[in-house]
Amino acid sequence: MAEPRLILASGSPRRRELLAGLGLSFRVVTSAAEEQVELPDADSDPVGHAVAAALAKAGDVGRNFPECLVIGADTVVFIHGKAFGKPCDPAQARAMLAELTGRDHFVVTGLAVGRLGDGRWTTGHEVTRVWMRQACSEEIDDYVRTGEPMDKAGAYAIQGKGSTLVERIEGCYFGVVGLPLARLARMLREYGVMVLGAGAGGSGADESCAIQPDHKGSAP
Numbered sequence: 001m002a003e004p005r006l007i008l009a010s011g012s013p014r015r016r017e018l019l020a021g022l023g024l025s026f027r028v029v030t031s032a033a034e035e036q037v038e039l040p041d042a043d044s045d046p047v048g049h050a051v052a053a054a055l056a057k058a059g060d061v062g063r064n065f066p067e068c069l070v071i072g073a074d075t076v077v078f079i080h081g082k083a084f085g086k087p088c089d090p091a092q093a094r095a096m097l098a099e100l101t102g103r104d105h106f107v108v109t110g111l112a113v114g115r116l117g118d119g120r121w122t123t124g125h126e127v128t129r130v131w132m133r134q135a136c137s138e139e140i141d142d143y144v145r146t147g148e149p150m151d152k153a154g155a156y157a158i159q160g161k162g163s164t165l166v167e168r169i170e171g172c173y174f175g176v177v178g179l180p181l182a183r184l185a186r187m188l189r190e191y192g193v194m195v196l197g198a199g200a201g202g203s204g205a206d207e208s209c210a211i212q213p214d215h216k217g218s219a220p
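Going left to right, the sequence shown walks through residues 1 to 220 as my numbering numbers them.
Don't read these hints as lab results, they were simulated from the structure.
We put the beta carbon where it would ideally sit given N, CA and C, even for glycine.
A couple of the hints might just be wrong.
Said to hold, decoys possible - Restraint-style ranges between C-beta atoms, simulated for each label pair:
#: 1; residue 1: G117; residue 2: S25; range: 17 to 25 Å
#: 2; residue 1: G119; residue 2: R5; range: 12 to 20 Å
#: 3; residue 1: G48; residue 2: S25; range: 28 to 36 Å
#: 4; residue 1: E190; residue 2: D141; range: 44 to 52 Å
My request is simple: use the sequences and hints to build the entire structure.
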């Protein structure tokens, strides 16, 4: 099988679905760096952290596919200096949601696109402000029991039942889901990958080419 032209360095089903929606042909390769990303502390730069994590994921996959264009992404939720990744258990999911409910927070998604063989990487990011309505403890408990929060940064899915907890957003909706499409399309264009215009088109994710690392991976 020929090596893919475009690789998504993420095991996230949401990112895969979003990228497939652009009509591009790509391969999914989960990065070993997904398990190694640590949450930033209160004094760190959230944007810099998300971009660095995205670059680490893309670079890790790029080592095995140096001639392919690789996309890396990382999403973190920030509220008043505190960073939320994915909850490790239902109790932590409830604790995260209890802090987010009735308040506003920021969702930062960093992007990295590049080809290791060229030694060139392009990075970008989107910051979206999200306001959550006030939810009672019973609603939070019911939502956690659905299982939806367990593989989501901040313990909610804006594209799923978690949307009922969101009052409004300011910024990029797709950045909250995990892959800001407009910014990504501009970055891909720099490498000759067109979503719209001459040369655009493809068939989406190659179902036969989804590769997992030797270790256990997890979706962001």
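Now the hints, each set against the structure:
The hinted window of 17 to 25 Å between G117 and S25 holds, with their beta carbons roughly 19 Å apart. Between G119 and R5 the beta carbon distance is about 18 Å. The supplied range of 12 to 20 Å therefore holds. Under the hint 28 to 36 Å, the C-beta atoms of G48 and S25, about 32 Å apart, fit the expected range. Under the hint 44 to 52 Å, the C-beta atoms of E190 and D141, about 46 Å apart, fit the expected range.
In this structure, every one of the numbered hints holds.
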